[in-house]
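Colleague: Listed below, chain by chain, are the residues.
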Amino acid sequence: MKLFVSDGNPHCVKVLAVLEFTGVKCDVKHVNHEERVVPYLSRPALPALLLPSGTHLFSPNSICQYLIELNGQESSDIVNQWLEWEATELQPAVMQALHMVVLQGKGADTPRVLRGPLSYLDQSLSQRTTPFLTAEMVSVADVVLWAALYPILSDSSLVSGNQTLQLWFERVGMLAACVSAVQTVLQGKGLKAESLKTYLQRQPTTHHGQGQVQGRGTQPCNSPEGGGDDDCVLSEEEIQSAVVTWGKGLTDLPMVPERQHPILPQEGKRNVLVTSALPYVNNVPHLGNIIGCVLSADVFARYGRLRGWNVLYVCGTDEYGTATENKAREEGLTAQQICDKYHAVHASIYQWFQVDFDFFGRTTTKKQTEIAQNIFWRLHERGFLLEDIVEQLRCEACQRFLADRFVEGTCPFCSYPEARGDQCDKCGKLINAVELREPTCKVCSQTPVVQSSKHLFLDLPKLEAELEQWLERSTGSGDWTANAKQITRSWVRDGLKPRCITRDLKWGTPVPHPDFSDKVFYVWFDAPIGYLSITANYTDQWEKWWKNPQQVELYNFMAKDNVPFHSVVFPCSLLGAQDNYTLVNHLVATEYLNYEDTKFSKSRGVGVFGDMAKDTGIPSDVWRFYLLYLRPEGQDSAFSWVDMATKNNSELLNNLGNFINRAGMFVSKFFESCVPAMALQQEDKRLLAQVGWELKQYINLMDRVKIRDALKCILNISRHGNQYIQVNEPWKKIKGDETDRQRSGTVTGVSVNVACLLSVMLQPYMPTVSHTIRQQLNAPPSVTGTLLQGTGNFVCSLPVGHHIGTVSPLFQKLESEQIESLKKRFGGQQPEEEEEAKPKPKTTAQPATTPASDPAAQTAVNGADAERARELTLAVAEQGEKVRTLKGQKAEKTVIGAEVTKLLELKKQLSLAEGKDPEPVLTKGKTTAQPATTPASDPAAQTAVNGADAERARELTLAVAEQGEKVRTLKGQKAEKTVIGAEVTKLLELKKQLSLAEGKDPEPVLTKGKKK
Amino acid sequence: MFCAATMFCCVATMLCYCIRSLFMWCLACRDVCFVLYLIFNLPVPALGLLVPVLHSNNGPALVGLVTIATHLVQEAKRPELLGGSAEHKALVQQWLEYRLTKVDGCHKDDIKTILKDLNSYLEDKVYLAGNQFTLADTLMYYGIHHIIVDLVIQEKEKHMNVTRWFDYVQHYTGVRHHVPPVVVLRNRVYTSGHH
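So the sequence lines, in the order shown, correspond to chains A and B.
Taking the working numbering, I'd label the letters of the first sequence as residues 1 to 1012.
Taking the working numbering, I'd label the letters of the second sequence as residues 1013 to 1207.
Hints listed in this document are in silico derivations from the structure and should not be mistaken for laboratory results.
Beta carbons are placed, not taken as given, at the ideal position from N, Cα and C, and that holds for glycine.
Honestly, I wouldn't trust all of these hints.
Said to hold, decoys possible - Ranges of calculated distance between the beta carbons of each label pair, as one might list FRET restraints:
1. Val-31(A) with Tyr-1184(B): 34 to 42 Å
2. Gly-1186(B) with Ser-76(A): 23 to 31 Å
3. Asp-737(A) with Tyr-1184(B): 56 to 64 Å
4. Gln-1166(B) with Ser-42(A): 18 to 26 Å
5. Arg-43(A) with Gln-1166(B): 52 to 60 Å
6. Gln-681(A) with Gln-1166(B): 28 to 36 Å
7. Ala-176(A) with Gly-1096(B): 31 to 39 Å
8. Gln-1166(B) with Ala-176(A): 51 to 59 Å
9. Lys-29(A) with Gln-1166(B): 36 to 44 Å
10. Gln-1166(B) with Gln-240(A): 26 to 34 Å
11. Gln-1166(B) with Ser-445(A): 54 to 62 Å
12. Arg-43(A) with Gly-1096(B): 24 to 32 Å
13. Asp-340(A) with Gln-1166(B): 51 to 59 Å
14. Gln-1166(B) with Asn-778(A): 38 to 46 Å
Stated by the list, open to error - Quick list of in silico lysine-lysine cross-link-like pairs, PhoX-like style, CA-CA up to 25 Å:
15. Lys-1170(B) with Lys-966(A)
16. Lys-327(A) with Lys-442(A)
17. Lys-1120(B) with Lys-685(A)
18. Lys-1124(B) with Lys-685(A)
19. Lys-696(A) with Lys-1114(B)
20. Lys-197(A) with Lys-1089(B)
21. Lys-696(A) with Lys-1170(B)
22. Lys-1137(B) with Lys-966(A)
With the sequences and hints as input, model every part of the structure.
Modeller: Okay, structure coming up:
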């Protein structure tokens, strides 16, 4: 059993006094106020008692009762009654009084809030004949009440009258247990204890009122979740500190210096060396390769630079090996020519994707030979290499030994027929090529023969102990992804075996040992050394990075199939070489990215390859965004064209782009491009705190390389921003009186500053867009170097009077026709079939379930329809947003028209799904209000919705969704028909208003719906 | 500050009790009555304002929902409803207090925290005090009912453990009474949190 207490907390006086009073044995641990001891509570709660069963008690009174009970005393009704009174009546009053007296310095005499409870207690005591509250003996009730009142009553200036109470207080206070508890927690100082003040400052201001039991709140908790998990509960303090940060200028913050090559580790800086797995040169990388290593590493490296770390990001092409030799044979070139050709292809693809390497090198260099041979000799000298005879597959037809990946056969473990010579794609086990059943040469399809030759092996078992020690340290302190840890663990657990490091090939780093002069190093030994040699080609002082584990943190990015080579085999080479090499601290591995639920396949022409991405006409930033949005973090994910369009249109266009554009437009349209004066109100401060919180999350996540999760924080901020603009309506207020105009200015000023912050947070993900935003806002260059330092600084970086540039839309809509054609072009017939299959059952099922003419159908909505209605409600809201965005962007009338038609169709379906015929009410609506606002005969009226109406429509859409939910809930609860009927009428009325606000006459479409 | 409708209750004999007023005013008093129903299987009167008071033949009046409920349970010789071991008793008291101090009169901003905390607490428990149904479950159920009723399906799914617990309790014999049942779906509708 363990009791956690904190200094200055009067509740801890209670439990410590009772603990000593009962003499129960229990460890007492002093912790900070902020410490979250109780795992299931989201706010810190102290004192807390860890029970033998592992559960925590967090209620001080229950802890006291428990201790008493352990001591063998049953608690009586009267004790319970006092404890209940203490918790519900006394405690709120005491907290309020302490707040006033200690923090606000008010109250020369008894604070008013306490008068009632104190005189009640005084009366109760004087009516008793016993010296204590419940009996002749002191009870737990006495101790608890005494401790609760101690800070107040120990100050004689605050007590007046209540004689009996004072006598009782002194009597209880004489107990040794009480004296020592007060000494421990409040240093015997009562109200003047500094620790009490600290404690009170940390207490969130309660929403409870004035120390009386309040009537129940009947407020429902159905605030919209806004897409993300909005779990941040903002305390008053957080809001205050966000305001303080906001008040700082850019100049108060440290600046990140410009990058200067060569980048070398610096004393006193965080030196971060980032590598991404070296892409193999013989092929064009596909999207999965790109997101798995180079792009992820790029985002992290860019982020590190913004944080002010000293980052070096190196990568290059892996060029040796049989695959290259074969490719050369295929294309009729030399191996070197092939490498030159494809190295350029890779470099240009990564350039198009804006991957900002500090150096992009290659493995076929002199440095590679030097460093690889040096490591080889050191391993050899230290006895970590073994010689052995190897049986290898040799294809007589091709006249050569077959590299592992040029043999295919049946997996000896799982009988998968297309296992490769080195690994089985199905069960993932590593295979020795000669163990394959029915091997065939992949080039000529002949059956190879087994031949033996002498080879060198790295003695992994000999290095195992050292490896395990290092692994424990590195995985314990670094950010290894779960899959990396797990794959490594299973490798080590299965036991390490010597691994062959030489090959009977020509195209490779030559083995310097005279006995093996006709051999080269096996690529897995050779390739990771590429990281070192590429750095050596970047700077002669490469050893400052690679032989400097004290100063350098190494991040390796890769897909999960590469993990064992980076976590086991390569570290063993470096450990065995004993040359103080820098070993990986953080191993970041992604899962696989699939293509429309199948694998990328060059041979079948399935998937998008790096060089084709730019031919799609979709900007590189959007590609980056989408790939990072579905970065296979934690589990496999799949690229889908339709999803890409959806994410582009909903997240980039409607959320992020819409917010940034609106913020900028308001400044340029309403305030002549000058950031207006801002007078922050509570609501603005809340937004600052909310944004600050998301920023902090973003930094937390990015620091731990949760790249995809951090992107959600950016989108959350713009969602908050959109909501903020929506609620405050600066475009309306600008037309109002002076106060309204000022309000409009504040909202605009805050919004444009949020946009500026977003531009910096976006930089690692979408460098061009980020730059464009900063250009449009004319943001000072120092923002990129300052806002992400420390725990994040959401400062007012565009101060009052700042002149912004020309604002224009950032993103373009991806049209479905465009997406369809791309989908066809990149070879997936399967996805289309799926698309076809999906909507069918819905449309056919519809009329059968809800006969529109039957009035009873209104209440006969079954569960499935309710869900369908919900989906449709969302779809309607989304489509409505789309239409508004288009209008906002002054898109072509025909385009808008098409979208409006879709919207109407959706609404019709929604009405049907909700099981009611909207026609009667709407007809009535038409005869009265309709003609005045929108002449139904004019088709142009459909598009002639002005801004104010669009806002109104938006509100109404939400209201309709909410009301719809209410009706469904009532129906689910089988409420009275009359009650439901009333709510349905409200819903219909809202829908009518919505139609009106959207400036169109719903009647024609709906009549058509009815006739059917 | 005490409930206007005072209860005269002859629990000593456990045969009869009478309630002066039948106005549905005070939810705490309503809950006392529900407890009466639960343990004595007696029909429920209803009344109230603020804090309930219980006058009985053998001893002074008792004040406060938890105190009265605890007393009634003991009188009814149903000690298991207060928890078997010392540890369980403490947990029962803790959650009874939580209902009074945190759930009752909670501000709407607190609702999220309450749901979140209860949800993670109930992660590995059937009832509030472990695997045994207790008084804490009943009173928490009545106290939290108005919150749960207003949750949309998505929120219910987000707080899966609370929903599960709530469903158990509302189906526990003698608990729900005329409080409207809350529909709980067995299958998840929203599979992934985002979009």
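Colleague: Hints first: check each against the structure and report whether it holds.
Modeller: Now the hints, each set against the structure:
1. The hinted window of 34 to 42 Å between Val-31(A) and Tyr-1184(B) holds, with their beta carbons roughly 38 Å apart.
2. At roughly 27 Å, the beta carbons of Gly-1186(B) and Ser-76(A) sit within the given window of 23 to 31 Å.
3. In this structure, Asp-737(A) and Tyr-1184(B) meet the distance hint of 56 to 64 Å, their C-beta atoms being roughly 59 Å apart.
4. Remark: the range hint 18 to 26 Å for Gln-1166(B) to Ser-42(A) is upheld by a beta-carbon distance near 20 Å.
5. Remark: the range hint 52 to 60 Å for Arg-43(A) to Gln-1166(B) is contradicted by a beta-carbon distance near 24 Å.
6. In this structure the hint that Gln-681(A) and Gln-1166(B) lie 28 to 36 Å apart at CB holds, the actual value being about 31 Å.
7. With their beta carbons about 34 Å apart, Ala-176(A) and Gly-1096(B) fall inside the hinted range of 31 to 39 Å.
8. At roughly 55 Å, the beta carbons of Gln-1166(B) and Ala-176(A) sit within the given window of 51 to 59 Å.
9. Restraint check, Lys-29(A) to Gln-1166(B): a C-beta distance of roughly 40 Å satisfies the suggested window 36 to 44 Å.
10. For Gln-1166(B) and Gln-240(A), the hinted distance range of 26 to 34 Å is satisfied, since their beta carbons lie about 32 Å from each other.
11. One distance hint, 54 to 62 Å for the beta-carbon pair Gln-1166(B) and Ser-445(A), holds here, with the actual separation near 56 Å.
12. At about 30 Å, the beta-carbon gap between Arg-43(A) and Gly-1096(B) stays in the expected band of 24 to 32 Å.
13. Checked against the hint of 51 to 59 Å, the pair Asp-340(A) and Gln-1166(B) passes, with Cβ atoms roughly 56 Å apart.
14. Between Gln-1166(B) and Asn-778(A) the C-beta distance comes to about 42 Å, which sits within the given range of 38 to 46 Å.
15. In summary, the hint linking Lys-1170(B) to Lys-966(A) is supported, as the alpha carbons are separated by about 19 Å, within the 25 Å threshold.
16. For the hint linking Lys-327(A) to Lys-442(A), the alpha-carbon distance of about 13 Å falls within 25 Å, and the restraint holds.
17. Between Lys-1120(B) and Lys-685(A), the direct Cα distance comes to roughly 20 Å. Compliance with the 25 Å bound is thereby established for this hinted pair.
18. Proposed proximity of Lys-1124(B) and Lys-685(A) is supported: the alpha carbons are some 21 Å apart, at most 25 Å.
19. As the CA atoms of Lys-696(A) and Lys-1114(B) are separated by approximately 29 Å, the hinted pair breaks the 25 Å bound.
20. Pair hint Lys-197(A) plus Lys-1089(B) does not hold up; C-alpha atoms about 47 Å apart against a cutoff of 25 Å.
21. At roughly 24 Å between alpha-carbon atoms, Lys-696(A) and Lys-1170(B) fall within 25 Å of each other, so this suggested pair holds.
22. A hinted pair counts as satisfied when its Cα atoms are at most 25 Å apart, and Lys-1137(B) with Lys-966(A) does not qualify at roughly 31 Å.
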